[in-house]
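Undergrad: Residue numbers for the sequence shown follow the working numbering, so the first one is 92 and each next one is one higher.
For the record, the hints were derived by calculation from the structure and aren't laboratory data. Where hints are given, some of them may not hold.
Below, a list of computed lysine-lysine pairs in the DSS-like style, where the Cα atoms sit at most 30 Å apart [claimed, not checked]:
no.	residue 1	residue 2
1	LYS200	LYS96
2	LYS96	LYS144
3	LYS200	LYS144
4	LYS200	LYS152
5	LYS96	LYS143
6	LYS200	LYS143
7	LYS96	LYS152
8	LYS146	LYS96
9	LYS200	LYS146
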Amino acid sequence: MENLKLTNSIAIIIPLFLGVLGIVEPISLYFAAYSTMLTGLLQIIVGIFFWKKHKENIHIKIYFLLVASFFFLWYYNLNINYIDALTWPLIFTPLVLCIYISSIIYSQKEKP
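Sequences and hints are given; from them, build the entire structure.
TA: Following this line, the structure appears as structure tokens:
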């Protein structure tokens with residue numbers, strides 16, 4: 092469980108660090124934007140490992156439902172029927188998912 096927390100923390104810190112570094116070196120802002128995709132991938136992997144250990148946790152199931160909904164809606168909005176009002180909420184959804192998976196991981200009590 093500690094490895095999951097550490098991996099999640101590192102995944103969150105990298106884009107934040109690059110974003111702050113962007114104040115001094117503007118190219119870092121681009122790297123920060125790209126590293127958020129890596130953060131999302133790492134958090135999905137962390138979520139899978141968490142789910143393997145805590146299959147009874149309803150919050151991790153909700154997380155994966157939200158992730159699947161995000162990708163479905165993104166695909167739908169991009170390729171099937173573009174809805175401008177849907178674009179902006181989708182842009183901020185990964186941040187919400189990041190906060191949600193972090194709260195799930197950090198609030199889980201260790202099994203004895």
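Undergrad: Would you mind marking each hint as holding or not holding in the structure?
TA: Outcome of the hint check:
Under the criterion of a C-alpha separation no larger than 30 Å, the hint pairing LYS200 with LYS96 is consistent with the structure, at around 12 Å. In summary, the hint linking LYS96 to LYS144 is supported, as the alpha carbons are separated by about 14 Å, within the 30 Å threshold. With a CA separation close to 12 Å, the supplied pair LYS200 and LYS144 stays within the 30 Å bound. Annotation: proposed proximity of LYS200 to LYS152 holds, straight-line Cα distance about 17 Å (limit 30 Å).
At most 30 Å may separate the alpha-carbon atoms for a hinted pair to count; LYS96 and LYS143 meet this at roughly 15 Å. Distance check on the hinted pair: LYS200 and LYS143 sit about 15 Å apart at the alpha-carbon level, within 30 Å; holds. With a C-alpha separation of about 18 Å, the suggested pairing of LYS96 with LYS152 holds against the 30 Å cut-off. With a CA separation close to 18 Å, the supplied pair LYS146 and LYS96 stays within the 30 Å bound.
For the proposed pair LYS200 and LYS146, the alpha carbon gap of about 14 Å is at most 30 Å, so the pair holds.
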